[in-house]
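> Protein chains in written order, with the UniProt record's numbering: chain V, 1 to 367; chain W, 1 to 367.
Check the hints yourself; a few may be wrong.
Label pairs and their computed distance ranges (CB to CB) [stated by the list, open to error]:
# : chain 1 : residue 1 : chain 2 : residue 2 : range
1 : W       : Pro-170   : V       : Gly-275   : 44 to 50 angstroms
2 : W       : His-264   : V       : His-264   : 25 to 31 angstroms
3 : V       : Glu-200   : W       : Arg-6     : 54 to 60 angstroms
4 : W       : Arg-39    : V       : Gly-161   : 57 to 63 angstroms
5 : W       : Lys-173   : V       : Gln-233   : 34 to 40 angstroms
DSSO-like mimics (lysine-lysine), calculated; alpha carbons at most 27 angstroms apart, straight line [claimed, not checked]:
#  : chain 1 : residue 1 : chain 2 : residue 2
6  : W       : Lys-173   : W       : Lys-44
7  : W       : Lys-44    : V       : Lys-160
8  : V       : Lys-257   : V       : Lys-279
9  : V       : Lys-98    : W       : Lys-160
10 : W       : Lys-257   : V       : Lys-257
11 : W       : Lys-97    : V       : Lys-257
12 : V       : Lys-97    : W       : Lys-97
13 : W       : Lys-98    : V       : Lys-97
14 : V       : Lys-173   : W       : Lys-98
15 : V       : Lys-160   : V       : Lys-257
16 : W       : Lys-98    : V       : Lys-160
17 : W       : Lys-257   : W       : Lys-279
18 : W       : Lys-98    : V       : Lys-98
19 : V       : Lys-248   : V       : Lys-203
20 : V       : Lys-248   : V       : Lys-173
Which chain V residues stay away from chain W? Per the calculated CB distances, all over 10 angstroms, these [as the list claims (entries may be wrong)]:
#  : residue
21 : Asp-14
22 : Gln-121
23 : Lys-160
24 : Ser-182
25 : Asp-230
26 : Gly-240
27 : His-264
28 : Gly-271
29 : Phe-273
30 : Asp-276
31 : Asn-292
32 : Gln-323
33 : Pro-353
Everything labelled a hint here was simulated from the structure, so no lab data went into it.
Don't be surprised by glycine CBs; every beta carbon is placed ideally from N, CA and C.
Protein chains: 2
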Amino acid sequence: MSDTLREVTLEDLDAIEIGAAILGTGGGGNPYIGKLRCREELRKGRKIPVIPLNELPDDALVVSLGGIGAPVVGVEKIEEGEECLRALRAVEQEVGKKVDALISAEIGGANSMEPMLTAAQAGLPVVDGDGMGRAFPEMQMITWSIYGQRSTPAAMADEKGNIVVFRETPNDKWVEDLARASVVVMGAAAGLAQAPMRGEFVKRAAIPGTVTQAYNLGRAVLDANRDHRDPVQAVIDHEGGRLLMTAKIVDLERHLKGGFAVGHLSLEGYGAFAGDSGKINLQNEFLIFARNEVVEVCVPDLIVVLDADTGHPITTEMLRYGQRIAVLGLPCHALLRTPEALAVVGPAAFGYPEVEFVPMAAKGDAK
Amino acid sequence: MSDTLREVTLEDLDAIEIGAAILGTGGGGNPYIGKLRCREELRKGRKIPVIPLNELPDDALVVSLGGIGAPVVGVEKIEEGEECLRALRAVEQEVGKKVDALISAEIGGANSMEPMLTAAQAGLPVVDGDGMGRAFPEMQMITWSIYGQRSTPAAMADEKGNIVVFRETPNDKWVEDLARASVVVMGAAAGLAQAPMRGEFVKRAAIPGTVTQAYNLGRAVLDANRDHRDPVQAVIDHEGGRLLMTAKIVDLERHLKGGFAVGHLSLEGYGAFAGDSGKINLQNEFLIFARNEVVEVCVPDLIVVLDADTGHPITTEMLRYGQRIAVLGLPCHALLRTPEALAVVGPAAFGYPEVEFVPMAAKGDAK
Numbered sequence: 001m002s003d004t005l006r007e008v009t010l011e012d013l014d015a016i017e018i019g020a021a022i023l024g025t026g027g028g029g030n031p032y033i034g035k036l037r038c039r040e041e042l043r044k045g046r047k048i049p050v051i052p053l054n055e056l057p058d059d060a061l062v063v064s065l066g067g068i069g070a071p072v073v074g075v076e077k078i079e080e081g082e083e084c085l086r087a088l089r090a091v092e093q094e095v096g097k098k099v100d101a102l103i104s105a106e107i108g109g110a111n112s113m114e115p116m117l118t119a120a121q122a123g124l125p126v127v128d129g130d131g132m133g134r135a136f137p138e139m140q141m142i143t144w145s146i147y148g149q150r151s152t153p154a155a156m157a158d159e160k161g162n163i164v165v166f167r168e169t170p171n172d173k174w175v176e177d178l179a180r181a182s183v184v185v186m187g188a189a190a191g192l193a194q195a196p197m198r199g200e201f202v203k204r205a206a207i208p209g210t211v212t213q214a215y216n217l218g219r220a221v222l223d224a225n226r227d228h229r230d231p232v233q234a235v236i237d238h239e240g241g242r243l244l245m246t247a248k249i250v251d252l253e254r255h256l257k258g259g260f261a262v263g264h265l266s267l268e269g270y271g272a273f274a275g276d277s278g279k280i281n282l283q284n285e286f287l288i289f290a291r292n293e294v295v296e297v298c299v300p301d302l303i304v305v306l307d308a309d310t311g312h313p314i315t316t317e318m319l320r321y322g323q324r325i326a327v328l329g330l331p332c333h334a335l336l337r338t339p340e341a342l343a344v345v346g347p348a349a350f351g352y353p354e355v356e357f358v359p360m361a362a363k364g365d366a367k
Numbered sequence: 001m002s003d004t005l006r007e008v009t010l011e012d013l014d015a016i017e018i019g020a021a022i023l024g025t026g027g028g029g030n031p032y033i034g035k036l037r038c039r040e041e042l043r044k045g046r047k048i049p050v051i052p053l054n055e056l057p058d059d060a061l062v063v064s065l066g067g068i069g070a071p072v073v074g075v076e077k078i079e080e081g082e083e084c085l086r087a088l089r090a091v092e093q094e095v096g097k098k099v100d101a102l103i104s105a106e107i108g109g110a111n112s113m114e115p116m117l118t119a120a121q122a123g124l125p126v127v128d129g130d131g132m133g134r135a136f137p138e139m140q141m142i143t144w145s146i147y148g149q150r151s152t153p154a155a156m157a158d159e160k161g162n163i164v165v166f167r168e169t170p171n172d173k174w175v176e177d178l179a180r181a182s183v184v185v186m187g188a189a190a191g192l193a194q195a196p197m198r199g200e201f202v203k204r205a206a207i208p209g210t211v212t213q214a215y216n217l218g219r220a221v222l223d224a225n226r227d228h229r230d231p232v233q234a235v236i237d238h239e240g241g242r243l244l245m246t247a248k249i250v251d252l253e254r255h256l257k258g259g260f261a262v263g264h265l266s267l268e269g270y271g272a273f274a275g276d277s278g279k280i281n282l283q284n285e286f287l288i289f290a291r292n293e294v295v296e297v298c299v300p301d302l303i304v305v306l307d308a309d310t311g312h313p314i315t316t317e318m319l320r321y322g323q324r325i326a327v328l329g330l331p332c333h334a335l336l337r338t339p340e341a342l343a344v345v346g347p348a349a350f351g352y353p354e355v356e357f358v359p360m361a362a363k364g365d366a367k
């Protein structure tokens with residue numbers, strides 16, 4: 001365990017991969033390829049320094065990085081490896097300044113690795129924090145936008161040499177829509193750099209310490225496995241969460257809609273949860289968990305699905321009929337629970353205006 | 001008639017509208033709204049100076065302008081009016097220089113008016129020429145691309161305040177694809193500025209004198225109508241073309257495919273052409289004319305459909321079953337007939353590899 005990660009080394013990558021995948025809440029893309037690329041960079045002698053949020057100078061220029069695309073494609077279409085670096089350079093050209101530090105748009109899933117990879121390539125530090133504290137399906141669902149920083153100028157780059165700049169838009173939803181349309185043309189995977197921010201703002205708006213959190217969470221799972229302890233319990237203990245259900249998947253409906261994996265899964269409880277039925281709605285990420293048709297946990301709190309035996313996180317595209325899973329609820333960070341945040345990442349923003357968000361934290365869970 | 005238009009005045013707009021619509025070969029969008037906007041600017045006392053191609057300084061910076069979108073939408077979704085101006089400013093920011101003159105991407109249809117409107121707004125001259133000498137459905141079908149000038153950096157702006165910059169792409173087809181995807185998000189109409197060029201290149205690559213040509217062609221139609229002469233013959237005489245058929249539309253298949261109006265119309269000749277059958281294939285513009293199943297005229301030569309009685313050009317979205325039309329073939333400019341040009345705007349580029357382009361000019365028509 002580490003209080004504050006100061007540098008990401010070769011030995012840390014596996015733990016960050018696992019922790020980031022769990023925080024991906026079923027989406028966010030697979031961090032595996034990114035991990036391999038980071039490993040390659042570190043083996044070349046390059047470094048990934050991590051700068052704690054409170055040590056970031058107020059006038060530092062920070063850019064938010066991440067890949068964009070359908071998660072399904074990320075597995076099949078491997079990036080060339082410098083997409084985010086080229087997108088970063090394009091944003092630097094827009095603002096006419098060199099960037100001082102990088103930050104992950106989204107710690108959950110593949111975008112945990114993208115800024116670390118670019119950091120190694122560009123010789124820059126990554127900030128210990130991110131803009132989501134988990135994964136969300138749309139770009140404007142990010143604390144930069146929520147707390148007043150515009151995404152523009154933003155830039156997208158693909159492996160073929162395309163560079164598209166979103167210089168001005170009426171609001172950040174337009175950046176999402178325009179970037180989404182461009183990424184389909186580019187072949188459904190690209191690097192995106194956005195929201196050039198002052199350090200002072202990042203300190204207020206970033207979900208703090210999430211690189212360290214991903215590392216420690218992954219470390220807890222690895223240690224539990226090594227010591228033959230229950231990895232599911234290790235996740236719950238680390239995050240102050242709650243086991244919602246051990247269950248079998250008895251129905252699964254999932255289709256691609258507007259570039260997103262949308263659908264739901266129906267669950268039949270077993271063990272301590274025998275007799276319970278469950279349902280999880282998803283849009284790339286798991287959004288809402290209901291027990292016996294009553295909503296119990298919903299976005300922005302985290303719904304995590306783990307393989308009941310191995311404790312490995314299961315992403316939405318890996319769901320299978322008959323799988324035995326453990327469903328966990330983990331409380332989200334306080335920055336995602338404010339009225340401004342709930343307007344953007346609460347259940348209504350996902351098309352569930354009838355669902356009221358009752359924070360897990362208010363029910364006595366940690367955070 | 002004018003040898004070389006030196007300025008577009010209020011009195012010239014109607015003629016340019018008609019000439020440009022004829023050169024639109026069924027597509028290119030309706031120049032009507034653009035004409036009204038130009039009129040408004042001229043009434044405010046603003047000017048639209050025209051600079052002949054041979055007077056353009058070699059080191060002048062010229063930008064190509066036009067609207068982009070589905071022609072059907074152009075009629076229904078009226079632009080705010082400064083889309084092209086904002087796109088122009090975005091390209092100026094990209095190259096770090098002020099532009100000296102504007103040129104139409106496409107003289108056929110609505111894009112005849114866009115650069116004139118922006119010229120009045122920005123206090124710049126328009127060059128007497130364009131990049132197509134007619135209308136074509138895709139952006140890379142332009143002499144700038146054909147003769148070696150890249151479209152990038154290009155910029156798109158809509159009426160809502162979105163500005164997207166295409167900074168780098170592997171080739172100009174990517175600009176077309178990315179711009180097409182963006183314009184769908186923007187609501188299917190936007191202004192596009194592209195291909196910042198040196199005057200020296202424009203003098204070599206532009207189809208020369210097409211603003212004057214559109215004016216004179218429209219003037220010829222207006223004069224024929226006024227003098228009760230045949231307007232169809234006036235078009236043929238002015239352009240050195242040929243009457244292909246007077247006919248009734250007996251079948252019409254037209255659908256939207258990838259943002260384009262695609263289809264064909266079947267014709268039954270009458271008058272001197274009684275007994276002949278005809279077919280015209282289209283993609284926004286009329287592409288191929290066949291008589292009795294033998295191709296007679298095809299892109300890049302111009303196939304123009306006029307109302308048989310009034311001589312008014314009929315655009316693809318205005319085609320109706322039972323209409324009586326005059327089909328004309330007009331020879332394209334020599335710059336569209338080179339091997340480099342035919343690779344991009346010949347019949348194979350539109351999905352007709354089996355059609356051989358035999359220039360009308362080679363058959364004894366003018367140009």
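> Now, for every hint given, state plainly whether the structure supports it.
Structure-based check of each hint:
Between Pro-170 (chain W) and Gly-275 (chain V) the beta carbons are some 59 angstroms apart, a value that contradicts the proposed interval 44 to 50 angstroms. Our hint of 25 to 31 angstroms for His-264 (chain W) and His-264 (chain V) is violated, since their Cβ atoms are close to 45 angstroms apart. At roughly 57 angstroms, the beta carbons of Glu-200 (chain V) and Arg-6 (chain W) sit within the given window of 54 to 60 angstroms. A C-beta distance of roughly 43 angstroms is found between Arg-39 (chain W) and Gly-161 (chain V), which places it outside the suggested range of 57 to 63 angstroms.
The hinted range of 34 to 40 angstroms is not satisfied by Lys-173 (chain W) and Gln-233 (chain V), whose Cβ atoms lie roughly 55 angstroms apart. Straight-line distance between C-alpha atoms of Lys-173 (chain W) and Lys-44 (chain W) comes to about 39 angstroms, which puts the hinted pair past the 27 angstroms bound. A distance of roughly 47 angstroms separates the Cα atoms of Lys-44 (chain W) and Lys-160 (chain V); the hinted pair therefore is violated under the 27 angstroms criterion. Of the supplied pair hints, the one linking Lys-257 (chain V) and Lys-279 (chain V) holds, its CA atoms being roughly 20 angstroms apart against a limit of 27 angstroms.
The straight-line distance between the Cα atoms of Lys-98 (chain V) and Lys-160 (chain W) is roughly 30 angstroms, outside the 27 angstroms bound, and the hint therefore fails. Taking the CA atoms of Lys-257 (chain W) and Lys-257 (chain V), the gap is about 20 angstroms. The hint holds against a cut of 27 angstroms. Distance hint between Lys-97 (chain W) and Lys-257 (chain V) is unfulfilled; the C-alpha atoms sit about 43 angstroms from each other, more than 27 angstroms. Under the criterion of a C-alpha separation no larger than 27 angstroms, the hint pairing Lys-97 (chain V) with Lys-97 (chain W) is consistent with the structure, at around 19 angstroms.
Between Lys-98 (chain W) and Lys-97 (chain V) the CA atoms are separated by roughly 22 angstroms; this keeps the pair inside 27 angstroms, and the hint holds. Note on Lys-173 (chain V) and Lys-98 (chain W): the hinted pairing is violated, with a Cα-Cα distance of about 32 angstroms set against a maximum of 27 angstroms. The suggested pairing of Lys-160 (chain V) with Lys-257 (chain V) holds, with an alpha-carbon distance near 26 angstroms, which does not exceed 27 angstroms. The hinted pair formed by Lys-98 (chain W) and Lys-160 (chain V) fails the criterion: a straight-line CA distance of about 30 angstroms is larger than 27 angstroms.
Pair hint Lys-257 (chain W) plus Lys-279 (chain W) holds up; C-alpha atoms about 20 angstroms apart against a cutoff of 27 angstroms. Pair hint Lys-98 (chain W) plus Lys-98 (chain V) holds up; C-alpha atoms about 25 angstroms apart against a cutoff of 27 angstroms. For the hint pairing Lys-248 (chain V) with Lys-203 (chain V), the CA-to-CA distance comes to about 42 angstroms; that exceeds 27 angstroms, so the pair is violated. For the suggested pair Lys-248 (chain V) and Lys-173 (chain V), the alpha carbons sit about 37 angstroms apart, so the restraint of at most 27 angstroms is broken.
Consistency note on Asp-14 (chain V): stated as away from chain W, and its beta-carbon is indeed over 10 angstroms from all of that chain's, at 36 angstroms minimum. At the 10 angstroms boundary, the C-beta of Gln-121 (chain V) stays outside the reach of chain W, the nearest C-beta of that chain being 18 angstroms off. A beta-carbon of chain W is positioned within 10 angstroms of the beta-carbon of Lys-160 (chain V); the least distance is around 5 angstroms. Here Ser-182 (chain V) does not stay apart from chain W, with its beta-carbon only about 6 angstroms from theirs, under the 10 angstroms limit.
Distance to chain W confirms Asp-230 (chain V) as a non-interface residue, since its nearest Cβ pair spans about 47 angstroms, more than 10 angstroms. Every CB of chain W lies more than 10 angstroms from the CB of Gly-240 (chain V), the least distance being 41 angstroms, so the non-interface label holds. Against the 10 angstroms criterion, His-264 (chain V) stays outside the reach of chain W, whose nearest CB is about 28 angstroms from its own CB. No Cβ of chain W approaches the Cβ of Gly-271 (chain V) within 10 angstroms, the least distance being about 48 angstroms, so the stated non-interface status holds.
The beta carbon of Phe-273 (chain V) is kept farther than 10 angstroms from every beta carbon of chain W, the shortest such distance being approximately 44 angstroms. Every CB of chain W lies more than 10 angstroms from the CB of Asp-276 (chain V), the least distance being 43 angstroms, so the non-interface label holds. Listed as a non-interface residue, Asn-292 (chain V) keeps its Cβ farther than 10 angstroms from every Cβ of chain W; the least gap is roughly 41 angstroms. With a least beta-carbon separation of about 36 angstroms from chain W, Gln-323 (chain V) lies farther than 10 angstroms from that chain, consistent with its non-interface assignment.
Even its closest Cβ contact with chain W, about 25 angstroms, leaves Pro-353 (chain V) beyond 10 angstroms, as expected for a residue assigned away from the interface.
When the structure is compared with the earlier hints, violations turn up for hints 1, 2, 4, 5, 6, 7, 9, 11, 14, 16, 19, 20, 23 and 24 and for no others.
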